[in-house]
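As a plain string of letters, each chain reads:
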Amino acid sequence: MTPPLIDTIDYREQSPAVKDRFDRMKERPVVLSVENLGKTFPTPTGEVAALKGVDFEVYRREFMCVIGPSGCGKSTLIRILAGLETESSGQVLLDGNPVAGPGPDRGMVFQSYTLFPWLTVKENVMFGPKMEGKSGSAVEGEARQWIDMVGLSRFENSYPHQLSGGMKQRVAIARALANRPRILLMDEPFGALDAQTRAQMQSYLLQIWRNLDITILFITHDLDEAVFLADRILVLKANPGEVDEIIEVSVPRPRRLDQAITPEFVATKHRINQLIHPESETEEDTLPFGRMTVEGDDVE
Amino acid sequence: MSILRHQKATNKEPWFAVRRDLSAKRASILSVISFALPLAIWAGVSYLPFLWHPDVRLQLSADRGDVTTVYIAGDRVSKGYFPTFTDAVRKQNAAIEAQLKSADPLAGVSERSVRRSNKNILRHLAPVLVSNGRIKDDQKKEDALIYEVWRDIAEGTWLPESPALSDENLAIVQRNWAAMSAVSKTYDSDNFISVPLISLIPQGRSANPDYLPSPDQVATAGIKILTEPAEGDRPSMLQRTGHSIRIVFGGFLLAAAVGIPIGVLCGTYSVFSKLVEPFTDFFRYMPAPTFSTLLVAIFLANDAPKIALVFVGTFFQLVLVVSNTTRRLDLPLLEAAQTLGANQWQLVTKVVIPGILPNLYNDLRILLGWAWTWLVIAELIGVKSGLTEFIETQGRFRNFDMVYPVIILIGLIGFFTDQILALLRGVIFPYSEEAAAASANPLIKALLFIPRWFKDAVEQRLPPEPATTNSTSH
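First to last, the sequence lines map onto chains A and B. Positions 676 to 975 (our numbering) are the ones given, in order, by the first sequence. Positions 99 to 572 (our numbering) are the ones given, in order, by the second sequence.
Honestly, the hints are just simulated from the structure, not real lab data. Some clues are possibly wrong.
[Unchecked claim] What follows is a set of in silico ranges between Cβ atoms, one per label pair, in the way DEER data are often shown: (1) B:ILE526 <-> A:HIS896: 39 to 45 Å; (2) A:THR715 <-> B:ARG344: 57 to 63 Å; (3) A:ASP933 <-> B:ASP428: 55 to 61 Å; (4) A:ALA775 <-> B:PRO376: 50 to 56 Å; (5) A:ASP869 <-> B:PRO376: 45 to 51 Å; (6) B:ILE518 <-> A:HIS896: 25 to 31 Å; (7) B:PRO136 <-> A:ASP869: 29 to 35 Å; (8) A:HIS896 <-> B:THR447: 35 to 41 Å; (9) A:ASP823 <-> B:ALA125: 42 to 48 Å; (10) A:SER839 <-> B:ILE526: 24 to 30 Å; (11) A:HIS945 <-> B:ARG426: 41 to 47 Å; (12) B:ASP379 <-> A:GLY776: 28 to 34 Å.
Even for Gly, the Cβ is constructed at its ideal location relative to N, Cα and C.
Go ahead and model the full structure; you've got the sequences and the hints to work with.
Right, here's the structure in full:
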């Protein structure tokens, strides 16, 4: 392994205040408990394991990120949690009760835009309550509050095609929250957005999380995003997807963008990088050597 | 300044650029040309004799004793055959003259048959007289009248102008008149010349085959058949059109009413898809017209078997198209709805159906076009009816100038129905991208005025909701 360019602190070094924060978090009730979860897919050449023996717990009001190399089964994991796929072994408990199938108690925000194009912003947010049979001005008023919370009051009567990508995902968050879920599952929700919008959305999401005290499980492949958002980061390794390490992020809250150069931030990021890319430079990463000169562009 | 520069830049836009849209102005110019070009080609081929005109349309015909085929004025003969025809008539004339000069001119011919063929020669001039306006169309067999005209032409007191007679034919008229007037100055059926007359040499002008009438002929015939009122058993063109539209929409709406629910179920549930689609896929390869005799046996005469044929032709395609459209609905939308608490029934009614509506609308537009295709066969089975019956009958009499207007009429009905439906798409589905473009269309603006006015009038009567004022203050 190549030696690090700069000396970083050990990511596990926590100040007493940070340690105290995590100790208190772990005293809170467990919202989501994943026990020995496994998932295999049948292929023509035999069964392939996507997830194997995944064990973790998410505490009340925790913000947990799941990160891992591509193909580690992050998406399979969150789809099982949402009930869109069934596990092959193990079980998922929500507030101690096993989950079966999708339900409004686990709100989900997808990477692709999933707003219903035929409904306005307000009607999209009212979709969940309406499925429960609720209707009337109370539901509408509540929908307005959710839209207001994500800062889109001016667009409550717009159709999704009139909104930008970031706005669509804000509505999707409001729509998932309108069901008052026990946990909000987010599957790379900002993956399709440009860098500026993504940074803005991350900051919006942290504000919403703090204002509402909700529990969030967030899938990402972006190291900065994970460290910026999470209390704890679950690192998965690929083939099959297994829990590699659960990292407690010691970067203090409230988080700000300029914390990205603090020693805690860099140390945490460095640790994840080591886990995801164990060899920092392998033969596969190097291109064969070769020099070409553009004709007429020679430099003496 | 900047606007001027911009305009200059757009003028430099190339006409040919791979996958690049043309400006609105150029696009509309080309759309006009796309209709004008076929019309111009048609007009060119019709009115410029040197372009095609492979036939000669006879203005004046003659009888030949040596062949059985009879041509009358108005018939078309090929340009290759026409000289053969005229030469044969000239030879026939020469033979008659030779016989008259012989020692026994009337040997072996009966007086009656000579008289009969002489009368035919007399009448051969009639079509020329009709086109010159000298006699009316129903006077073509009034020999006394025609006899007078022969005299006038021979004496030079009246000469036909359009078409004019060739010098050769004028000489023949004078020669025949000399012979006829020697027997009687006026027409006398009993005392008609019994010495053989010589035939007028056929005349004609170059023309297209009868299956390609000129635009003006088609326009004239079109106006005539469209304005003709119903008479006895024969319905007016408007009634025929109405009848055809009833059959198309009857069969199509029936197919849609049954086919859409089945298609949606197939697209939503694999169970229905595997149960229904394999057989449907097979059935659609059996051409609908092959069922026509069966349908007549089952549904008897009148409209029922016709509607059934349009149904058979449309239904099986519709089921497959609708199920495919349903399957194409974005899966994440259904998953999102499930995570929001939608149950099976709600998934179908609140997500699948509203989700596929815009595409379903387009599918139905295309299938309606197919239904129009089946109409032609449907109207020919059992008791022929509607627009197709008219085409069939007129086509059989080779009145192709009557056929074209009806073909064009069917095309126009289909085209405009589709264009209107395409424009309405943006109105019916305000959330689609086309909505903005459609609302800018003046036709749509006019169509939308009434419902908007109605909505505004209703809303003004309702008290404003207090919640609305709260949220707008943000």
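Cross-check of the supplied hints:
1. B:ILE526 <-> A:HIS896: 39 to 45 Å: 41 Å, holds
2. A:THR715 <-> B:ARG344: 57 to 63 Å: 60 Å, holds
3. A:ASP933 <-> B:ASP428: 55 to 61 Å: 39 Å, violated
4. A:ALA775 <-> B:PRO376: 50 to 56 Å: Since ALA775 (chain A) and PRO376 (chain B) have Cβ atoms about 33 Å apart, the given range 50 to 56 Å is violated.
5. A:ASP869 <-> B:PRO376: 45 to 51 Å: Taking Cβ atoms as reference, ASP869 (chain A) and PRO376 (chain B) lie about 47 Å apart, which means the hint holds.
6. B:ILE518 <-> A:HIS896: 25 to 31 Å: At 49 Å between Cβs, range violated.
7. B:PRO136 <-> A:ASP869: 29 to 35 Å: 49 Å, violated
8. A:HIS896 <-> B:THR447: 35 to 41 Å: With Cβ atoms ~37 Å apart, the hint holds.
9. A:ASP823 <-> B:ALA125: 42 to 48 Å: Because 44 Å falls inside the window, the suggested range holds.
10. A:SER839 <-> B:ILE526: 24 to 30 Å: With a Cβ separation near 26 Å, SER839 (chain A) and ILE526 (chain B) satisfy 24 to 30 Å, so the hint holds.
11. A:HIS945 <-> B:ARG426: 41 to 47 Å: 45 Å, holds
12. B:ASP379 <-> A:GLY776: 28 to 34 Å: Hint holds: Cβ distance 33 Å, inside 28 to 34 Å.
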